[in-house]
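Trainee: Sequence:
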Amino acid sequence: MSSNREWPSAAADDELRLLTDFLTFLRLTAVGKVEGLSRELASAAPIPTSPVVSALGVLKHLTAVERWWLSIEVGGAELPSLWGADADSSWELHDEDDVASVIADYRAEWELSAQALTGLAPGDRTRGDHQGNGRTVRWVLAHVVQETARHVGHLDFLRELADGEKGE
84 MSSNREWPSA AADDELRLLT DFLTFLRLTA VGKVEGLSRE LASAAPIPTS
134 PVVSALGVLK HLTAVERWWL SIEVGGAELP SLWGADADSS WELHDEDDVA
184 SVIADYRAEW ELSAQALTGL APGDRTRGDH QGNGRTVRWV LAHVVQETAR
234 HVGHLDFLRE LADGEKGE
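In case it helps, the working numbering puts the sequence shown at residues 84 to 251.
One should not assume that every hint holds.
[Stated by the list, open to error] Here are the in silico distance ranges between beta carbons for each label pair: (1) 99 to 122: 32 to 38 Å; (2) 128 to 201: 34 to 40 Å; (3) 159 to 247: 41 to 47 Å; (4) 177 to 247: 24 to 30 Å; (5) 187 to 128: 19 to 25 Å; (6) 88 to 132: 28 to 34 Å; (7) 217 to 247: 43 to 49 Å; (8) 134 to 166: 16 to 22 Å; (9) 217 to 92: 29 to 35 Å; (10) 128 to 179: 17 to 23 Å.
To be clear, the hints were calculated from the coordinates, so they are not data collected in a lab. The structure displayed is predicted, hence computed values, not measured ones. Glycine included, each C-beta is placed from N, C-alpha and C at the ideal position.
Between the sequences and the hints, there should be enough to build the whole structure, so can you do that?
Mentor: So, in structure tokens, the structure goes:
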């Protein structure tokens, strides 16, 4: 597990900082669940009813989640969406995808997300608003935190199925 993971401060009084600190904690947890796996184990999809769900696929999907919700929706950045043609496309692996490259892409997206959030307050409206809902930065960050947490839960099981490792 990534050694630089730290729980957010229990005395936090800055809402945006608290949300981003929880997101950082979850991101590092997700990466830690994939680090150390071979490409073969990280790309395995052991759940018969979910053939695109692999540890690497989860990280690719989380990269697409951050791109859409934080860079494009919150920040209004003119970047290509990583969703692909259908709902499963963001989970699909390509021959060039390996553990190091997928983690590097995910980490690079964190920088874009931080840029998108620069200067914004929780109650500010999203700049992209592609769905016409006038969402707040607070709503989007809470959504990305819950989405990331949900998929970290998937990574718990995928890692355990891959090599038996358990942990937070």
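Trainee: Now look at each hint and say whether the structure bears it out.
Mentor: Comparing the hints with the structure gives:
Between residue 99 and residue 122 the beta carbons are some 37 Å apart, a value that agrees with the proposed interval 32 to 38 Å. The given range of 34 to 40 Å is respected by residue 128 and residue 201, whose C-beta atoms sit roughly 37 Å from each other. Distance hint check for residue 159 and residue 247: the Cβ-Cβ separation is about 44 Å, which falls inside the suggested range of 41 to 47 Å. Under the hint 24 to 30 Å, the C-beta atoms of residue 177 and residue 247, about 28 Å apart, fit the expected range.
For residue 187 and residue 128, the hinted distance range of 19 to 25 Å is satisfied, since their beta carbons lie about 22 Å from each other. At roughly 31 Å, the beta carbons of residue 88 and residue 132 sit within the given window of 28 to 34 Å. For the pair residue 217 and residue 247, the beta carbons lie near 47 Å from each other, so the given range of 43 to 49 Å is met. Judged by the Cβ atoms, the range 16 to 22 Å given for residue 134 and residue 166 holds: they are separated by roughly 18 Å.
Checked against the hint of 29 to 35 Å, the pair residue 217 and residue 92 passes, with Cβ atoms roughly 31 Å apart. Taken as a hint, the range 17 to 23 Å holds for the pair residue 128 and residue 179, whose Cβ atoms sit roughly 18 Å apart.
Of the numbered hints stated above, none is contradicted by the structure.
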